[in-house]
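Q: Mind docking chain B on chain A? Use the hints.
Below, each chain spelled out in residue letters.
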Amino acid sequence: MTTESTAGTLVTKEMEEAKGVWGPERVSPPVSESDIRKWAIAVYWPEKPPRLYWDAEYAKTTRWGGIIAPSDFNPFAWPVEREVRAERATPQGGGVGTRGMNGGQVETFGQPMRPGDVITARSRLRDWNERQTRLGLTLFSFTEIEWRNQRAELVKRRVSTGIRY
Amino acid sequence: MAVNVYFEDVKPGDTIPKWSRKTDFMNWNRYAAVNDEFVYIHMDDAAGRAALNEQGAFGMGNLRYAYIVNALRDWIGDEAEIREIGCQFRAINQKDDVLTVVGKVKEKKVEEGEHRVYLDVNVVNDRGDETCPGHAIVALPSRG
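Here the protein sequences come in this chain order: A and B. Per my numbering, the first sequence starts with residue 0, numbered consecutively. Per my numbering, the second sequence starts with residue 199, numbered consecutively.
The hints are simulated quantities; they were obtained by calculation from the structure and are not laboratory data. Hints may contain errors.
[As the list claims (entries may be wrong)] Below, in silico cross-link-like pairs of lysine-lysine (DSBU-like), each with a Cα-Cα straight-line distance of 35 Å or less:
{"no.": "1", "chain 1": "B", "residue 1": "304", "chain 2": "A", "residue 2": "59"}
{"no.": "2", "chain 1": "A", "residue 1": "47", "chain 2": "A", "residue 2": "59"}
{"no.": "3", "chain 1": "A", "residue 1": "59", "chain 2": "B", "residue 2": "209"}
{"no.": "4", "chain 1": "B", "residue 1": "216", "chain 2": "A", "residue 2": "59"}
{"no.": "5", "chain 1": "B", "residue 1": "209", "chain 2": "B", "residue 2": "302"}
{"no.": "6", "chain 1": "A", "residue 1": "37", "chain 2": "B", "residue 2": "293"}
{"no.": "7", "chain 1": "B", "residue 1": "220", "chain 2": "A", "residue 2": "18"}
{"no.": "8", "chain 1": "B", "residue 1": "220", "chain 2": "A", "residue 2": "59"}
{"no.": "9", "chain 1": "B", "residue 1": "307", "chain 2": "A", "residue 2": "47"}
{"no.": "10", "chain 1": "B", "residue 1": "220", "chain 2": "A", "residue 2": "47"}
[Said to hold, decoys possible] Now the stretches of chain A that chain B is said to cover, found in silico as 3 or more residues with beta-carbon under 8 Å:
{"no.": "11", "stretch": "34-47"}
{"no.": "12", "stretch": "62-71"}
Beta carbons are placed, not taken as given, at the ideal position from N, Cα and C, and that holds for glycine.
Next up, chain A with everything else stripped away, as it sits in the complex (with noise of 0.2 Å):
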């Protein structure tokens, strides 16, 4: 639930108090094989992936010594546990902030993901920007993820940019 944005403005009081607080940890369950393969197979598809992320034995001559998981895998997929939450990305209400879009991203990137590993998540509003554009009245919102290994190694810090008008 969040209170309405004031008049001029799509920043509502929820986001100043939220800007620059880390939120609740996510722990992902352990990352497998299987999971590095079929994601690979997917996104390379219809073509062959690299061996690196499927083949343990090729993998163990390289520098990595075993599979990596490519830079874009994702460890907090199918979660059992998980928010209901209203459809995505379909049509809105039409209200002026109702409506939004995924601006972008930028993700710098440690160390890589391996079978085995068990990925830490934290995410915070770090800042926004508003102004008119050609959409009208738009917020740019600019969310911070950061992903640490069981190590605590950094293994990806993710500024995701929200786009709402």
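A: Using the frame of chain A, we list chain B on its own:
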């Protein structure tokens, strides 16, 4: 040990090999399955049209991002690292689009003990639309 490209062999202005896929439900459904990304606009033409895309269902931005990762990995090989990727989602991935990842070297430098190459990247469709402009940083092996 397979090294595809050494730091010393790269110079500003070089382009990376193009990486292409024709995209439709076969790609999108597989990606939805692994990423648990089941959203009607990516699965159902009626939902896509209701979301104001006349051609119907359309592809995921995350999959285009994966294609950038793949293009970089295929170029740098297994002995190198992807350090950073950023992109903006600018246009819709329509069914049967042929998406091609392109990249051009901007600069290279030794930084934090790594031999880093900075690139501009994009995902261009077969109509020439630049759907995903962005950047990347990779760390390459050096001949030392």
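Q: Next, verify each hint and record whether it holds.
A: Hint check results:
At roughly 33 Å between alpha-carbon atoms, residue 304/B and residue 59/A fall within 35 Å of each other, so this suggested pair holds. As the CA atoms of residue 47/A and residue 59/A are separated by approximately 19 Å, the hinted pair is consistent with the 35 Å bound. Taking the CA atoms of residue 59/A and residue 209/B, the gap is near 31 Å; set against the 35 Å cutoff, the hint holds. As the CA atoms of residue 216/B and residue 59/A are separated by approximately 28 Å, the hinted pair is consistent with the 35 Å bound.
Note on residue 209/B and residue 302/B: the hinted pairing holds, with a Cα-Cα distance of about 10 Å set against a maximum of 35 Å. About 23 Å separates the Cα atoms of residue 37/A and residue 293/B, which keeps this hinted pair within 35 Å; it holds. A hinted pair counts as satisfied when its Cα atoms are at most 35 Å apart, and residue 220/B with residue 18/A does not qualify at roughly 41 Å. A C-alpha spacing of about 33 Å is found between residue 220/B and residue 59/A, which places the hinted pair at or below 35 Å, so the restraint holds.
In summary, the hint linking residue 307/B to residue 47/A is supported, as the alpha carbons are separated by about 33 Å, within the 35 Å threshold. Taking the CA atoms of residue 220/B and residue 47/A, the gap is about 15 Å. The hint holds against a cut of 35 Å. With a threshold of 8 Å between beta carbons, the proposed coverage of the stretch 34-47 of chain A by chain B holds, since 9 of its residues qualify and at least three are required. Counting residues of the stretch 62-71 of chain A whose CB lies closer than 8 Å to any CB of chain B gives 5, which reaches the minimum of 3, so the coverage claim holds.
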